[in-house]
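Got chain X; can you put chain L with the ligand on it based on the hints?
Protein sequences, first through last, are from chains X and L.
For what it's worth, this note's numbering labels the leading residue of the first sequence as 5, then goes sequentially.
For what it's worth, this note's numbering labels the leading residue of the second sequence as 328, then goes sequentially.
Hint data in this document are derived by calculation from the structure and do not stem from the laboratory.
Every residue gets a Cβ at the ideal spot worked out from N, C-alpha and C, and that includes glycine.
Take the hints with a grain of salt, since some may be wrong.
[As the list claims (entries may be wrong)] DEER-style ranges, computed between Cβ atoms:
#: 1; chain 1: X; residue 1: PRO23; chain 2: L; residue 2: LYS684; range: 38 to 46 Å
#: 2; chain 1: X; residue 1: HIS17; chain 2: L; residue 2: GLN478; range: 53 to 61 Å
#: 3; chain 1: L; residue 1: THR515; chain 2: X; residue 2: VAL107; range: 56 to 64 Å
#: 4; chain 1: X; residue 1: PHE67; chain 2: L; residue 2: LYS594; range: 50 to 58 Å
#: 5; chain 1: X; residue 1: PHE67; chain 2: L; residue 2: ILE514; range: 52 to 60 Å
#: 6; chain 1: X; residue 1: LEU101; chain 2: L; residue 2: SER522; range: 52 to 60 Å
#: 7; chain 1: L; residue 1: PRO404; chain 2: X; residue 2: LYS78; range: 33 to 41 Å
#: 8; chain 1: L; residue 1: TYR527; chain 2: X; residue 2: HIS17; range: 27 to 35 Å
#: 9; chain 1: X; residue 1: LYS78; chain 2: L; residue 2: TYR527; range: 57 to 65 Å
#: 10; chain 1: X; residue 1: PHE18; chain 2: L; residue 2: LYS594; range: 42 to 50 Å
#: 11; chain 1: L; residue 1: GLN478; chain 2: X; residue 2: GLY20; range: 25 to 33 Å
#: 12; chain 1: L; residue 1: LEU503; chain 2: X; residue 2: GLY20; range: 38 to 46 Å
#: 13; chain 1: X; residue 1: LEU22; chain 2: L; residue 2: LYS692; range: 44 to 52 Å
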Amino acid sequence: MEQKENRKKEIIHFFGQLPVESLYTAGIAGERFLLGLKEGKFLANYCPDCDFVFLPPKLYCEFCFRELKEEDLKEIENKGILLSYTFTHIDTNGNRLENPIIVGVIKMNGTDTGFVHKLLNKIEDIEIGMEVEAVFAPKERRRGSINDIVGFQRID
Amino acid sequence: MGRRVAIVGAGMTKFVRRAKETGKELAYYAAKAALDSCGAKLKDIDAVVLGSAPDTFDGVHMKGEYLSCGAGAFGKPYLRCYVGGGTGVFSVAVGWYYIASGIFDTCLVVCEEKMSSYQPHPQGAFLTIFDHTTERPLGPNLLWIFALEMQRYMQTYGIKKEEIALVAVKNKKNALDHPAAQIAQEITVEDVLKSEVLCYPVQRLDVSPVSDGACAIVMTNEYLARRFTDKPVWVSGVGWCLDTAYWTNRDLCYPRYVEEAARMAYKMAGIRNPRREIDVVEPYDPFDYKELHHLEGLLLCDRGEAPQLLVDGKTQRDGELPVCPSGGLLGVGNPISAAGLMKVIEIFWQLRGEAGKRQIAKKAKRGLAQAWGDLMQVGTVVILEV
Ligand SMILES: [Zn+2]
Numbered sequence: 005m006e007q008k009e010n011r012k013k014e015i016i017h018f019f020g021q022l023p024v025e026s027l028y029t030a031g032i033a034g035e036r037f038l039l040g041l042k043e044g045k046f047l048a049n050y051c052p053d054c055d056f057v058f059l060p061p062k063l064y065c066e067f068c069f070r071e072l073k074e075e076d077l078k079e080i081e082n083k084g085i086l087l088s089y090t091f092t093h094i095d096t097n098g099n100r101l102e103n104p105i106i107v108g109v110i111k112m113n114g115t116d117t118g119f120v121h122k123l124l125n126k127i128e129d130i131e132i133g134m135e136v137e138a139v140f141a142p143k144e145r146r147r148g149s150i151n152d153i154v155g156f157q158r159i160d
Numbered sequence: 328m329g330r331r332v333a334i335v336g337a338g339m340t341k342f343v344r345r346a347k348e349t350g351k352e353l354a355y356y357a358a359k360a361a362l363d364s365c366g367a368k369l370k371d372i373d374a375v376v377l378g379s380a381p382d383t384f385d386g387v388h389m390k391g392e393y394l395s396c397g398a399g400a401f402g403k404p405y406l407r408c409y410v411g412g413g414t415g416v417f418s419v420a421v422g423w424y425y426i427a428s429g430i431f432d433t434c435l436v437v438c439e440e441k442m443s444s445y446q447p448h449p450q451g452a453f454l455t456i457f458d459h460t461t462e463r464p465l466g467p468n469l470l471w472i473f474a475l476e477m478q479r480y481m482q483t484y485g486i487k488k489e490e491i492a493l494v495a496v497k498n499k500k501n502a503l504d505h506p507a508a509q510i511a512q513e514i515t516v517e518d519v520l521k522s523e524v525l526c527y528p529v530q531r532l533d534v535s536p537v538s539d540g541a542c543a544i545v546m547t548n549e550y551l552a553r554r555f556t557d558k559p560v561w562v563s564g565v566g567w568c569l570d571t572a573y574w575t576n577r578d579l580c581y582p583r584y585v586e587e588a589a590r591m592a593y594k595m596a597g598i599r600n601p602r603r604e605i606d607v608v609e610p611y612d613p614f615d616y617k618e619l620h621h622l623e624g625l626l627l628c629d630r631g632e633a634p635q636l637l638v639d640g641k642t643q644r645d646g647e648l649p650v651c652p653s654g655g656l657l658g659v660g661n662p663i664s665a666a667g668l669m670k671v672i673e674i675f676w677q678l679r680g681e682a683g684k685r686q687i688a689k690k691a692k693r694g695l696a697q698a699w700g701d702l703m704q705v706g707t708v709v710i711l712e713v
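Chain X with its partners taken away, still in its complex shape:
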């Protein structure tokens, strides 16, 4: 319909934007987590009422609403199991990527949650159920970001 109309005369139109830029805070629990990554540590927290370990840690247990405090944090070992993975060939605009990005969901040992991040191995070396560990950026380049972890790699 629109195309047919268009052949007769140009449709009057306007270009506009929804300009949005945001400044996000990591939050109380998020900051604890990111400061841990900066030190090369995984900090999780435990809800004793639900016997559940959250990674990343939360300010509260969403199941029972208990407040999870600084002292409920515990460091977990840098080791987990790959639950699932994919390699993505397109970027967010639908353009073909030269090198596919590989992402996985990892269950870190001692936690009850999934953790999503990039996988560093070659596609042919990846399998569900394999043991993985995080590779941290060199200390001087860590700045308290999820990208202080470069990605996860297979442990053999």
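Just chain L with the ligand now, with coordinates in the frame of chain X:
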């Protein structure tokens, strides 16, 4: 009219310019405080209502889903409601019909806003509310609407800027007694008139601030209310109404949409003469003139007469009709949806005699909270009583 509905607990965070907490964490603190205030646990709650204004503020699309865990919604029926600035009061109307209908016995209502996320100024989030064909090419600013309304209001009734400024003076001073207040201060009419002109006649001190914060209440029915508290506060009326979507076609000096919402709530509450029957009121005051505008729309005085009530001191806490004893949006702050719920909570505390230094002088039996929003055309009203 279904089951009687009570508010039995309330809680809120401080209102601040920029919270370190995430939106979820703010929602959690408010929700937990509301539950704790009436000895309730999350498992006692049947359903959760979330109120939050545009996603753009927090910078998270599908904000209702994002905030759900902080609002205590895991494993429960959950709904986000949204009527712009009117959301905070409207969310209580939603909680009301959840309980009144008998679908749920208990309901947690949580309102959150984190406006500081929006860069460089949350004002920008409003630029795209204007019509892209006839208005946006003019480069509009949200303040246009308020300035044009204010101008028309002053002109129609011969109201002076000095009179309107008294609202800002009163509310910012009232907020000095509110522990959660963001911009409480003692100022003079002179200060308001000398403050920066933003969009004539709107000046800096005529306007509420940008805020982060959250509020929550616990609602239940008449059968369970006393399990949670000895002092339930009853929701006796709710109302909401929409004016035309074309802001230029509305009566710029009279908020008809507020009147319609109020009439709906008064009828439900069996109120025939609101001027005699409403003891304390929290009308929506994002701008000082709006408090006056809304008092008239709520039929609590004649059109153009609200400034006189103010000048005569009748709207002070020790006056005949205390107005915004909390300190309002002008003094406590304006995290959109949370600000509206803060008003309902203030009436809740006033009626229970728990407002501390803000407690009004007269014995209050019935109070009203009102908000306003959408494209500046919705009125939302809640009437509470003990
Ligand atoms: Zn728990």
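- Query: Can the suggested window of 57 to 65 Å be confirmed for the beta-carbon pair LYS78(X) and TYR527(L)?
  - Reply: Hint holds: Cβ distance 59 Å, inside 57 to 65 Å.
- Message: Given a hint of 44 to 52 Å, does the C-beta separation of LEU22(X) and LYS692(L) actually sit inside it?
- Response: holds, 47 Å
- Task: Starting from the hint 42 to 50 Å, judge whether the C-beta atoms of PHE18(X) and LYS594(L) obey it.
- Result: Once the Cβ atoms are compared, 44 Å apart, the range 42 to 50 Å for LYS594(L) and PHE18(X) holds.
- Task: Could you tell me whether the CB distance from LEU101(X) to SER522(L) stays inside 52 to 60 Å?
- Result: holds, 54 Å
- Do the beta carbons of PRO23(X) and LYS684(L) sit within 38 to 46 Å of each other? holds, 43 Å
- Query: Taking 33 to 41 Å as the hint, is the beta-carbon distance of PRO404(L) and LYS78(X) inside that range?
  - Reply: Hint holds: Cβ distance 34 Å, inside 33 to 41 Å.
- Query: For the pair HIS17(X) and GLN478(L), does the Cβ-Cβ distance stay inside 53 to 61 Å?
  - Reply: violated, 34 Å
- Using the Cβ atoms, figure out if LEU503(L) sits within 38 to 46 Å of GLY20(X). holds, 43 Å
- Using the C-beta atoms of PHE67(X) and ILE514(L), is the stated range 52 to 60 Å upheld? Violated - the Cβ-Cβ distance for PHE67(X) and ILE514(L), about 47 Å, lies outside 52 to 60 Å.
- Query: Measuring from beta carbon to beta carbon, are GLN478(L) and GLY20(X) in 25 to 33 Å?
  - Reply: Because 28 Å falls inside the window, the suggested range holds.
- Item | Range hint 56 to 64 Å (beta carbons of THR515(L) and VAL107(X)) holds or violated | With a Cβ separation near 60 Å, THR515(L) and VAL107(X) satisfy 56 to 64 Å, so the hint holds.
- For the pair PHE67(X) and LYS594(L), does the Cβ-Cβ distance stay inside 50 to 58 Å? violated, 42 Å
Checked against the numbered hints given earlier, the structure breaks hints 2, 4, 5 and satisfies all the rest.
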